[in-house]
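**Student:** In case you want the letters, here they are:
There are 4 protein chains.
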Amino acid sequence: MKQDILNRKLRVGIVGGGQGSFIGAVHRVAAELDSQAEVVAGAMSSDPQRAQASADAWYLPRSYASFEEMARAEAARPDGIDLVMVTTPNHLHARVARAFLEQGIHVVCDKPMTLTLDEARELVALVEKSGLVFALTHNYTGYPAVRQARAMVHQGELGEIRKVLVEYIQDWLMEPLEESGNKQAEWRTDPARSGLAGCVGDIGTHAENLLSFITGLRISSLCADLSTFIEGRKLDDDANMLLRLENGGKGILTCSQIAAGEENNLTIRVYGSKAGLEWHQMEPNTLLFKPYGQPQQILRRGLGYMGAEAQAASRTPAGHPEGFYEAFANIYKLAIADIRRVESGQPAQGGYPTVHDGLRGMEFITKAVESSQQGATWVDL
Amino acid sequence: MKQDILNRKLRVGIVGGGQGSFIGAVHRVAAELDSQAEVVAGAMSSDPQRAQASADAWYLPRSYASFEEMARAEAARPDGIDLVMVTTPNHLHARVARAFLEQGIHVVCDKPMTLTLDEARELVALVEKSGLVFALTHNYTGYPAVRQARAMVHQGELGEIRKVLVEYIQDWLMEPLEESGNKQAEWRTDPARSGLAGCVGDIGTHAENLLSFITGLRISSLCADLSTFIEGRKLDDDANMLLRLENGGKGILTCSQIAAGEENNLTIRVYGSKAGLEWHQMEPNTLLFKPYGQPQQILRRGLGYMGAEAQAASRTPAGHPEGFYEAFANIYKLAIADIRRVESGQPAQGGYPTVHDGLRGMEFITKAVESSQQGATWVDL
Amino acid sequence: MKQDILNRKLRVGIVGGGQGSFIGAVHRVAAELDSQAEVVAGAMSSDPQRAQASADAWYLPRSYASFEEMARAEAARPDGIDLVMVTTPNHLHARVARAFLEQGIHVVCDKPMTLTLDEARELVALVEKSGLVFALTHNYTGYPAVRQARAMVHQGELGEIRKVLVEYIQDWLMEPLEESGNKQAEWRTDPARSGLAGCVGDIGTHAENLLSFITGLRISSLCADLSTFIEGRKLDDDANMLLRLENGGKGILTCSQIAAGEENNLTIRVYGSKAGLEWHQMEPNTLLFKPYGQPQQILRRGLGYMGAEAQAASRTPAGHPEGFYEAFANIYKLAIADIRRVESGQPAQGGYPTVHDGLRGMEFITKAVESSQQGATWVDL
Amino acid sequence: MKQDILNRKLRVGIVGGGQGSFIGAVHRVAAELDSQAEVVAGAMSSDPQRAQASADAWYLPRSYASFEEMARAEAARPDGIDLVMVTTPNHLHARVARAFLEQGIHVVCDKPMTLTLDEARELVALVEKSGLVFALTHNYTGYPAVRQARAMVHQGELGEIRKVLVEYIQDWLMEPLEESGNKQAEWRTDPARSGLAGCVGDIGTHAENLLSFITGLRISSLCADLSTFIEGRKLDDDANMLLRLENGGKGILTCSQIAAGEENNLTIRVYGSKAGLEWHQMEPNTLLFKPYGQPQQILRRGLGYMGAEAQAASRTPAGHPEGFYEAFANIYKLAIADIRRVESGQPAQGGYPTVHDGLRGMEFITKAVESSQQGATWVDL
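Chains as they are written, first to last, in our numbering: chain A, 1 to 381; chain B, 1 to 381; chain C, 1 to 381; chain D, 1 to 381.
Just so you know, not all the hints are guaranteed correct.
Simulated DEER-style distance windows between Cβ atoms [unchecked claim]: (1) D/A76 - C/P291: 48 to 58 Å; (2) B/P291 - A/K129: 49 to 59 Å; (3) C/W187 - B/Q346: 34 to 44 Å; (4) A/K129 - D/P176: 53 to 63 Å; (5) D/A312 - A/Y59: 18 to 28 Å; (6) D/A76 - A/S180: 50 to 60 Å; (7) C/P291 - A/K129: 47 to 57 Å; (8) A/S180 - D/A65: 56 to 66 Å; (9) D/H356 - C/Q19: 40 to 50 Å.
As a list, the in silico SDA-like pairs of lysine to any residue whose alpha-carbon atoms are at most 20 Å apart [what the hints assert, rightly or not]: (10) B/K9 - C/Q52; (11) B/K274 - A/E175; (12) D/K274 - C/E175; (13) C/K9 - B/D56; (14) D/K9 - A/A57; (15) C/K367 - C/L217; (16) C/K2 - B/A57; (17) D/K274 - C/S227; (18) D/K9 - A/Q19; (19) A/K274 - B/S227; (20) B/K274 - A/W172; (21) C/K9 - B/D34; (22) B/K183 - C/L303; (23) B/K274 - A/T228; (24) A/K9 - D/G302; (25) D/K274 - C/L177; (26) B/K2 - C/A57; (27) D/K367 - C/W378; (28) B/K9 - C/S180; (29) A/K274 - B/L177; (30) C/K234 - C/Q373; (31) B/K9 - C/W58.
These are computed hints drawn from the structure, not numbers from a lab.
Fair warning: this is a prediction, and the values are worked out from it, not measured in the lab.
The beta-carbon is built from N, C-alpha and C at its ideal position, and this holds for glycine as well.
Please model the complete structure; the sequences and the hints are all you need to start from.
**Tutor:** Here you go:
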C-alpha cells in the first residue's frame, strides 16, 4: 500500500516503445491523457543508445538499458514507478510482465498477451497470486459506443443473440514489407517474436475479444481457414472462421492484412431476437441500433440518452470526435483507478480486459491455428 | 422466326404474379420499362377468379385458368406471346418453363431455377435443344455498378482475386410469419414448394451468383453452417459459409432472414492483389474502388468514366437514382434483344443469367445443405 | 365524361421528348409504370423526320408533325388521347398546354411551368375554367420519403419550423457546353427558350417547390445573389439566397450548375422547435428524423412504421431501392387517378403539384432575378 | 531567451478552465498530448476555493487566486511558466492576455479573441510589440484533412474558387438553458461576457476562419440575417449569411445553436473551376475530393498520398481515428515549436491562427451584426 497514491499522479514506466514504434507513444498518450499519470522511466529499446534517445525525446527522467534493471531499480526507489506499460513484441510480454509483477509493480500489457498458451496460463497464476492490477490493452473495448453496445446486450435490448458478424481487415501487409526493413512487419511475421499466428494473433484476437466483450458470450467451437497470400511469408495474413457460440448463436469472424484498400476496419454486427447493433471502429462515435420493426437509431457518443458506462468513457460533448487515443486512454483510466484502489486497500473493480481475457485470446489463437492445420475442421474451445 | 419482330413490341405472358404477389409486378414493370414489350396474357393464379381479377387489374387482354392452357392457346394464336415470365413458387418453375419451351416460347424465369438439382439438369438439356432464349432473373447482376465491377475485375484492375466477402441479410422472417397466413412466408418455408433450402435458396443463391458474376470465378468447395432459429420452421433461415474459389482465393458467404433491422442488404467486397471493390445493393448507384496505396474512388452510375457495360445498363444521368426495377429491367432488356436476334436469325449474345447459372445455383444449394447436414464439413462443387 | 375510362388504360400523348431528349423518356416510363396508361401518340419534334423516328422507336401508333395538329386530331378520334405530356423547352409549355386544354385533354407539364409570369397567370385561369386535370412534374415531391417528411411536419412532429436549408447543386454546366452543340445546354442557357433565369429556373424552382411542399410554408421575402461564372453565358449558373418564411422562420436556398463534382444533389434540412429532418435526393429511400434530445432515426421507405402518404407512394419492400423513375411515376399515378375521377364525375383529389404551384414557381424565379438585379436586396413575394 | 528550453518540457499555466468548464480540460490535454509541455500552474477560477479544488484535481503544483497575481509570480520564478492558456469567457481574454504578455509570457488564447473590435486592435499592437508567440485556438484548422484541403487549394488543384458553402450548426441552445443555471449557456448568451454576438461569435467565427484558412480568401462583403428564436435570449442563436469573396467567388455561411438534432456539425464545401472539396468535422479523418469529370476520391488521414502539411499533423496510422483533442493539440504543437524557436533566438514559423486571424474574426462578428441590424443589407469588410 502506498500512502500518498491518492494525492499525486501515478508514476509510470515503459518497456519497449522506442523510436520507430507505433504503439509505445499510444500507451504514453493514453496513460497521461487524464492527468492521472506521468511517464517517468523507460527501458525503451534493447539498443542502449536508442533507449536513451527515445527517453530523451519524451524528457523522461530515468532511462534504463534493460527491463530487468529497470524493474529492480524502480522497485528500490521511494519514488519508483507504480505501473509499467509493456509495449514490446509478443515474445517478451510474459518475461517483462513477470519481472515487474515480482517487484510488486502493476502492469498494463499489450496484446496478444503472450507468445504461447503455456506462458498465458503461467501469467494468469502469477497475476492472481500477486494481487496486482494487470490490464490488457484490447483497447477497442475502451470506446464509449462499444460500452454502450455491451450494456444494451446485457440489459436484454437485443433479446437472445443469434448471429454475430465481426471483421477486422487491413491492407498494410499486402506487400512483403518484412523483406524490406519494415520493423513492424518484421516481427509481426516472425514466428519467434509473434507466435503461432500472424494476422489472427495481431488483429483476429481483437475481433474475438470485442465479440466476447459486447455479447458476453464465449465461442464454443470454431472452424478456421487461415491463408498466407504473400509468398515466403511465414505466418497467416488472412483468416475466415465460422463460429458457434455457447448459447447456440452462430457467427463469422474474418481478419485480413491483405484486403486492398482497407485501413483498420474493425466492424461488428450483432443480431438478436429483438434487435441488432452495428459498430465501426473507423467511425467510432456512432452506434447503430436496429430494433426489429422500428426505425434504426443512430446512437451518438456524448448525448444524454447514452448509458452510464458510455458516459463514463466519454470526455467531450457530442459532435467533438473522440478517437483511438481516447479509447485507449479509457483502459488506462480504469486500470489507474483500480491501482489507486488496490494501493489504498480497496477492492479492484475492473472494467478493463484482464489476464483472463488474455488467456482466452491465446486459446483462440491456438485453436484457430489447430483448426486450420487440420483442414479447417471444427475445434472446441 | 417471326418476320415482324423488329417492328413491334414483344408480346409477353405471365404465369403467377397474381394479387398479393410481390415479384409478379416487378417482372411486368421490368419487361415493359423500355417500351420494348407489353404484357398481354396471364395465368396469374391457380384460383380462376383470382387469376381473372389479377389480369383485369393490369388490363390484360387474355387471362387463362392454367398455364398449360395458356401455353397451348398462345402458341396457336397468330398474335400469341413471344415470351413468358415464370413468377410462381419454385416447385412450378420447371414445369411451367417446359410447357412454354415446348411450344417454342422464350422464357424468363425467376430464381432459384428449379425445385431440385435433377430438374435443373433436365431444364438445361431442354433449353439447349430448343434454341430458345432462357433468362434467369438473378436481377442484381442487372445493376450498372455490378456490371462495372465485373468489367474491372475482368480487365485486371484488381489483380488476382484473393478474398471475397458476400452477404445477403434480411429480417423479414424473424417471426414465424408462415404460421399467420403470410403467403410469401408460407411457400418460402415449405420444402414442397421451396426446395431443399429456405434462406440459402431464396437469397443465398443471389449471393453466390453475384460472386461468380463479378469475379468470374467458381466456388470450388464450401463449408456451410445452416441454422433454423425460428422454432417449428422447416427450412433454414440463416447460413454462414466458408468458400474456396477455383483460383485459390478464399471467401465468406453469409445469408440470413433473421438479422434484426436488416432490410435487403446484399453487399459484396472483392479484394485482389492490386485493389478492392465494394458494392451495396441498398445504395446501388455507387461502386467503391479501392486501389492499394491510392485514395478510394467513388464510382457513380451515369458518369462519363464508367465503362461500356455499365453505360449500356444505365438510363438516366448521374444523380438520378436508378433502383431495383431498373436493374431488373436490364435483364429483360438483354433477353428481349436476344429474342429479337434469335427470331430474326441472328445468334444470341447473352449478358443475362442463363440456364447454366441456374444449374450452378442449384448445385450450390444442394451442396450447402449437404455440407451442413454433415456437420458443416467441406464439400466440393 | 368518358364512359369506359375505368375499364382501360389511359391513352397518352407526348409533345417533345424526341431523340436526344432526357426528360421525354422519363415521362413515358413514369406514365406507364403502373400499367394504368399507355403512350399512343406523339408530336415529338418540330423536325418531322425526327418526330417520326422518335415515335417509331417507341412503337407509337400515331405520330404528328405538330402539336397543334395532334391536339385537333386526337380530340376528334373516338380513341383519342386522354392526357398529354408536355416535355418541350419552357417557351412552348404554355402554348402546348393551352392547345390541349382547349380540346378537353388533360395535361401533365414539365417545369418551370411557363416562360413568363404573365403566361403562368393566364394558364391558371385557363386550367381553372377548364375543369381539367393539370399536373406539374415537380417530380421530387413524388418520393415516398418526401411525402413522409411533409406528413410529419403537418402532424407537428417538428414543432414550429425555424430554419430550412435547401440546396440543389450540380456541375453539368461547369463548361460552356452550350457552345459545343449540347442541345440540353443550348436551350437551358437561352433566355428565349428558358426564360428569365437559368439555374434558378431549371433547378432552383425544384428547391423552392420542395421547401413549400414539405413545410407547407410560403417564402415571404428573399434576397438573392445570382451569378454567371461561365464567360459568355447569358443566364445565371449559380445562386445563393436568404429566405424569410411566412411564419417567421428563416432559410437558405442555394442552387448551382457549376459545383464541381456534384451530380444532382438536391438536399433539404428542416429544423423545428421539436425536431429536425434531412433528406437527400441522391439516396432517396432514407429520411433522417432528428428529435431533440433523442437518437436520430433512419426512416426507410417501405417499412411498416411509415405513414399512409409514404406507403401509397411506395411499390416495393424496404431495401429494394426505388429511384427517380418511381418518384416521377407517383406524380402520374396521382394525376391519372384524378383523371379517372374527373372523367367519371367524381371530384379531383390532387396530391400532385398543380398550376398554382407552377404560378408560385414563376413568381419565385421572377422575384429572385429582380432581387439580384437590384444588388441582392430583399424583395417580397 | 531561455537557455534550457530545448531540453525540457515547456511549463504551462492556465487561466480559467475550472471545474464545470469544458474547454479548460481540452487545452490541458492538447498542450500535453505530445509530451512537449506540462501544466504546472493555474488561476482556474475567480472563486478561490474552486480555483484550488480545480488545480488539485489536476495535481498542479501552483494555484493562484487571480490571474494578475499568477502573471507576476510566475514571471518572478526561475521555473516560472513559459506559456499561458487563456480559457476564460470572452470578456476577460484581452485583459488576461495583456497581463501575461507584459510579463514576457507567451499566450495561447481561446476564441473569439476579445470582447470588442477595439480590444482586438489593441491586442494586435501589443503582440507585435512583444515579439512573443500568440496563438488563437481556432482548433478546427488543426485537423490534418483541413490542412490537406488548404494545401490542395493553394497548389491549384481546385482551380479558381467559385463557391463556398460553410455551416456550423448545433442544437444545444434550443432551450433557454441560460435561465436554468447552465454556466456555459449563461455567459455565452450574456452580451457583457460574450460580446456583440452569440452564435455568430461562438461558432460563426470558426466557420469564417475555416473558410479563410482553406481558401486563402477573405470575405469582402456580407449580408447577414441574424435571428434569436428563443424568447428572452439577449443574443442571436442563428444566422444566415450571403458572402462575396475577394476573388469574385460567392458563398454562404450559416450557423445555428437551435438546429434540432445537430451536434457539432461544422461542414465546408469548396467548389473551384477544376474540382471541389468537402469536409465534415464530425468525421474529420476524411476529405472528399471531387475533380470534375472524374471519380470522387476519399482522402484519408494517415495514408501515404497525403501531403506534408497533413502528415505533419497526423500521429497514428490511417484507420486509427484522430479527433477533436488531436486537432486541438496540433495548434499547441505548432505554438510550442515556435516558442522553442523564439526562446532560442530563431524566427517563428507560424502555421497556427494568429492575433491577425483573431482581429479578422472580430471584424467579421462586428460587420455581421451591423448588417443584420440594418435589415440584412450588404456590408463591406
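**Student:** Each hint: holds or not?
**Tutor:** Evaluation of the provided hints:
no.: 1; hint: D/A76 - C/P291: 48 to 58 Å; result: 56 Å, holds
no.: 2; hint: B/P291 - A/K129: 49 to 59 Å; result: 53 Å, holds
no.: 3; hint: C/W187 - B/Q346: 34 to 44 Å; result: 39 Å, holds
no.: 4; hint: A/K129 - D/P176: 53 to 63 Å; result: 59 Å, holds
no.: 5; hint: D/A312 - A/Y59: 18 to 28 Å; result: 21 Å, holds
no.: 6; hint: D/A76 - A/S180: 50 to 60 Å; result: 56 Å, holds
no.: 7; hint: C/P291 - A/K129: 47 to 57 Å; result: 53 Å, holds
no.: 8; hint: A/S180 - D/A65: 56 to 66 Å; result: 60 Å, holds
no.: 9; hint: D/H356 - C/Q19: 40 to 50 Å; result: 60 Å, violated
no.: 10; hint: B/K9 - C/Q52; result: 17 Å, holds
no.: 11; hint: B/K274 - A/E175; result: 10 Å, holds
no.: 12; hint: D/K274 - C/E175; result: 10 Å, holds
no.: 13; hint: C/K9 - B/D56; result: 11 Å, holds
no.: 14; hint: D/K9 - A/A57; result: 10 Å, holds
no.: 15; hint: C/K367 - C/L217; result: 17 Å, holds
no.: 16; hint: C/K2 - B/A57; result: 19 Å, holds
no.: 17; hint: D/K274 - C/S227; result: 18 Å, holds
no.: 18; hint: D/K9 - A/Q19; result: 18 Å, holds
no.: 19; hint: A/K274 - B/S227; result: 18 Å, holds
no.: 20; hint: B/K274 - A/W172; result: 13 Å, holds
no.: 21; hint: C/K9 - B/D34; result: 18 Å, holds
no.: 22; hint: B/K183 - C/L303; result: 18 Å, holds
no.: 23; hint: B/K274 - A/T228; result: 16 Å, holds
no.: 24; hint: A/K9 - D/G302; result: 32 Å, violated
no.: 25; hint: D/K274 - C/L177; result: 15 Å, holds
no.: 26; hint: B/K2 - C/A57; result: 19 Å, holds
no.: 27; hint: D/K367 - C/W378; result: 18 Å, holds
no.: 28; hint: B/K9 - C/S180; result: 36 Å, violated
no.: 29; hint: A/K274 - B/L177; result: 15 Å, holds
no.: 30; hint: C/K234 - C/Q373; result: 14 Å, holds
no.: 31; hint: B/K9 - C/W58; result: 8 Å, holds
Of the numbered hints given earlier, the model fails hints 9, 24 and 28; all others are met.
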